[in-house]
Amino acid sequence: MNTTSQPPVLAVNGLEAWYGESHILQGVDFEVHSGEVVTLLGRNGSGRTTTLKALLGLTDRRSGSVRLFGEEVISLDTYRIARLGVGYCPEERGIFSSLSCEENLRLPPLHRGKAPGLSMDEVYRLFPNLEERKRSPGTALSGGEQQMLALARILRTGSRLLLLDEISEGLAPVIVQTLGEAIKELRQRGYTILLVEQNFHFSSALSDRLLFMESGRIIETLNPDELDDNTDRVIRMLSV
Amino acid sequence: MDIFGVPSQALMAQLMIGLVNGSFYAVLSLGLAIIFGMLHVINFTHGAMFMLGALLSWAGLYYFNLNYWVMLLLAPVVVGVFGIVLERLFLRRIYKLDYLYGLLLTLGLTLVIEGVVRSIFGVSGKPYGPAPISGVTDLGFLIIPNYRLWVIAASLTACVLTWYGIERTRLGGYLRAATENPKLVETFGINVPVLISLTFGFGVALAAFAGVLAAPIMQVSALTGQTMIVIVFAVVVIGGMGSIAGTIVTGVALGLVEALTKVYYPPASSMVMFLVMVLVLLVRPNGLFGGKE
Numbered sequence: 000m001n002t003t004s005q006p007p008v009l010a011v012n013g014l015e016a017w018y019g020e021s022h023i024l025q026g027v028d029f030e031v032h033s034g035e036v037v038t039l040l041g042r043n044g045s046g047r048t049t050t051l052k053a054l055l056g057l058t059d060r061r062s063g064s065v066r067l068f069g070e071e072v073i074s075l076d077t078y079r080i081a082r083l084g085v086g087y088c089p090e091e092r093g094i095f096s097s098l099s100c101e102e103n104l105r106l107p108p109l110h111r112g113k114a115p116g117l118s119m120d121e122v123y124r125l126f127p128n129l130e131e132r133k134r135s136p137g138t139a140l141s142g143g144e145q146q147m148l149a150l151a152r153i154l155r156t157g158s159r160l161l162l163l164d165e166i167s168e169g170l171a172p173v174i175v176q177t178l179g180e181a182i183k184e185l186r187q188r189g190y191t192i193l194l195v196e197q198n199f200h201f202s203s204a205l206s207d208r209l210l211f212m213e214s215g216r217i218i219e220t221l222n223p224d225e226l227d228d229n230t231d232r233v234i235r236m237l238s239v
Numbered sequence: 000m001d002i003f004g005v006p007s008q009a010l011m012a013q014l015m016i017g018l019v020n021g022s023f024y025a026v027l028s029l030g031l032a033i034i035f036g037m038l039h040v041i042n043f044t045h046g047a048m049f050m051l052g053a054l055l056s057w058a059g060l061y062y063f064n065l066n067y068w069v070m071l072l073l074a075p076v077v078v079g080v081f082g083i084v085l086e087r088l089f090l091r092r093i094y095k096l097d098y099l100y101g102l103l104l105t106l107g108l109t110l111v112i113e114g115v116v117r118s119i120f121g122v123s124g125k126p127y128g129p130a131p132i133s134g135v136t137d138l139g140f141l142i143i144p145n146y147r148l149w150v151i152a153a154s155l156t157a158c159v160l161t162w163y164g165i166e167r168t169r170l171g172g173y174l175r176a177a178t179e180n181p182k183l184v185e186t187f188g189i190n191v192p193v194l195i196s197l198t199f200g201f202g203v204a205l206a207a208f209a210g211v212l213a214a215p216i217m218q219v220s221a222l223t224g225q226t227m228i229v230i231v232f233a234v235v236v237i238g239g240m241g242s243i244a245g246t247i248v249t250g251v252a253l254g255l256v257e258a259l260t261k262v263y264y265p266p267a268s269s270m271v272m273f274l275v276m277v278l279v280l281l282v283r284p285n286g287l288f289g290g291k292e
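Sequences listed follow chains A and B, in order. First residue of the first sequence? That's 0 in numbering that gives the first Met the number 0, and the numbers climb one at a time after it. First residue of the second sequence? That's 0 in numbering that gives the first Met the number 0, and the numbers climb one at a time after it.
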């Protein structure tokens with residue numbers, strides 16, 4: 000999957016981030032290459048969500064280096080980073096209650112000068128529920144529908160790198176399966192995806208690589224086929 | 000014919016005045032509510048912006064020979080740009096702080112603006128001269144100056160256009176979304192800081208628009224905004240921050256309530272708003288149309 004000739008879609012070096020006085024990320028290093036699906040795993044508070052936020056400049060303060068599509072973005076404003084082609088699906092989903100389902104879906108503008116993402120038809124084919132709920136207020140949707148909406152929303156824009164935070168959290172197995180199928184399809188279409196997951200089985204089935212975080216650093220990188228030989232260590236790294 | 004001891008002609012005349020005042024309240028409180036929704040700043044300068052609109056309209060006429068219709072477009076633009084400058088220079092620095100700081104900062108700015116205007120123009124009211132639309136219309140039950148009809152029509156049109164812009168356009172969608180979660184909207188590639196500046200500029204431009212409308216029927220002075228801002232705060236508190244349409248309805252309704260009080264019990268007319276405010280807050284702490292915030 001790795002193509003050494005192209006620069007990685009995302010290259011993170013010595014990334015540190017703070018919320019107020021709390022020093023959350025203490026030097027994170029990793030790369031994600033074009034078309035890869037990579038998952039950040041770890042216990043609560045290990046810094047996975049903060050890593051996604053720091054990539055987009057949503058933390059109070061950050062330092063180090065983040066290169067997106069070959070461009071340094073550590074001092075760029077959030078909206079400029081997004082325009083390079085990054086889609087973000089936050090853990091709390093962020094569905095707007097004053098907008099209908101369809102307005103939520105159409106809200107993010109298409110990135111100028113980028114190849115277009117999925118069409119509305121393609122989005123609805125991926126998530127048929129959303130078409131049925133078009134006119135409902137965003138927050139009247141079920142948790143699963145809201146999660147689909149939060150993911151679908153960033154697929155239209157032409158973003159090529161998707162940062163997805165805990166998309167399987169608290170959802171019924173059948174919905175988790177739908178989301179898993181969607182991730183697989185997006186991967187086939189060449190999207191590059193960085194997941195933050197609690198659900199180890201969900202993510203290991205989808206990912207090319209698994210990064211384990213602890214205390215604001217990445218402490219281990221494993222391929223899915225290495226997991227069986229490392230079961231004990233994996234359990235130790237993830238258990239509370 | 001008398002209605003509760005008041006001649007219907009007199010009652011209708013007062014109601015018409017109430018409707019005119021209510022139109023001003025609606026336009027002003029609308030701007031205030033939009034600004035609060037987006038910036039979380041209780042904009043005390045709103046009355047001063049209203050006054051600046053009225054004063055610019057007067058000054059345009061007497062110093063630059065720019066007539067009412069030119070100033071009706073120009074004054075909101077000038078005040079809007081002034082607002083954007085204030086937002087960039089000052090307000091931007093306090094968004095992360097408690098609401099109180101926004102109130103204090105804008106109160107301070109108001110005192111500065113009013114002080115400057117006062118030192119240039121004095122405090123005595125400036126008569127505008129004849130209204131730009133003359134004549135009266137006989138509605139059968141009431142004879143009303145055409146200019147007042149125009150004020151009502153123009154205010155309500157501004158309100159409806161604003162409502163449409165916010166509820167039905169793409170830019171309005173960004174605005175509503177950014178009111179809920181500005182950080183997330185920024186991750187969609189939308190330049191939220193500029194959106195915030197434009198919101199503030201638009202909100203105060205609305206106030207200036209109302210000011211220009213008011214200039215021919217109120218005496219324009221440095222203190223014109225002070226009486227207005229207190230009432231408009233009450234309107235916003237009564238209406239709640241939840242809905243654009245609610246704010247407009249509340250503004251007009253309170254203008255009418257005030258007028259009725261003037262007819263039936265004049266001494267209470269300047270405090271009836273606050274009585275309503277207290278009653279509403281007792282029953283619905285978030286205002287009549289308020290959301291959960």
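Because the hints were derived from the structure by calculation, they are not lab data. Owing to the predicted nature of the structure, the values given are computational and were not obtained by experimental measurement. Be careful, since some hints might not be right.
Stated by the list, open to error - The calculated label-pair distances, taken between Cβ atoms and stated as ranges, are:
(1) B/S269 to A/A171: 58 to 64 Å
(2) B/F89 to A/S96: 30 to 36 Å
(3) A/M119 to B/N64: 42 to 48 Å
(4) B/N285 to A/G112: 43 to 49 Å
(5) A/R42 to B/V77: 39 to 45 Å
(6) B/R117 to A/G112: 22 to 28 Å
Claimed, not checked - Listed next, the in silico DSBU-like pairs over lysine-lysine satisfying Cα-Cα at most 30 Å (straight line):
(7) A/K113 to A/K183
(8) B/K182 to B/K95
(9) A/K133 to A/K183
(10) B/K261 to B/K125
(11) B/K182 to A/K113
(12) A/K133 to A/K113
(13) A/K183 to B/K125
(14) B/K125 to A/K133
Unchecked claim - Some, not all, of what chain B presents toward chain A, calculated at C-beta under 10 Å:
(15) G4
(16) P6
(17) L10
(18) F89
(19) R91
(20) R92
(21) D97
(22) S133
(23) R175
(24) I189
(25) V191
Every residue, glycine too, gets a C-beta built ideally from N, C-alpha and C.
(message) Holds or violated: B/K182 and A/K113, Cα atoms, limit 30 Å.
(response) At roughly 23 Å apart (the allowed maximum being 30 Å), A/K113 and B/K182 satisfy the hint.
(message) Using the nearest Cβ pair, does B/I189 come within less than 10 Å of chain A?
(response) holds, 6 Å
(message) Does B/R92 hold up as a contact with chain A if the rule is Cβ-Cβ below 10 Å?
(response) Interface hint status for B/R92: violated (16 Å vs cutoff 10 Å).
(request) Decide if the proposed pair is consistent with the structure: A/K113 and A/K183, CA atoms, cutoff 30 Å inclusive. (result) Given that 30 Å is the threshold and the Cα spacing comes to 22 Å, the pair holds.
(request) State, for the Cβ atoms of A/M119 and B/N64, whether the hinted interval 42 to 48 Å holds or is violated. (result) 54 Å Cβ-Cβ, so the 42 to 48 Å window is violated.
(request) Let me know if the C-beta of B/R91 comes in closer than 10 Å to any C-beta of chain A, holds or violated. (result) violated, 13 Å
(message) Tell me if the beta carbons of B/F89 and A/S96 are separated by a distance inside 30 to 36 Å.
(response) holds, 31 Å
(message) Just to be sure I understand the hint, the distance between the Cβ atoms of B/R117 and A/G112 should be within 22 to 28 Å; is that true here?
(response) violated, 52 Å
(request) Against chain A, run the beta carbon of B/G4 and see if the smallest gap drops under 10 Å. (result) violated, 47 Å
(message) What's the verdict on A/K133 and A/K183, does the C-alpha distance respect the 30 Å limit or exceed it?
(response) holds, 25 Å
(request) Confirm or reject the claim that B/S269 and A/A171 have a C-beta distance inside 58 to 64 Å. (result) With a Cβ separation near 60 Å, B/S269 and A/A171 satisfy 58 to 64 Å, so the hint holds.
(message) Using the nearest Cβ pair, does B/F89 come within less than 10 Å of chain A?
(response) Since chain A brings no Cβ nearer than about 20 Å to B/F89, farther than 10 Å, the hint is violated.
The earlier numbered hints that this structure contradicts are 3, 5, 6, 13, 14, 15, 16, 17, 18, 19, 20, 21 and 22.
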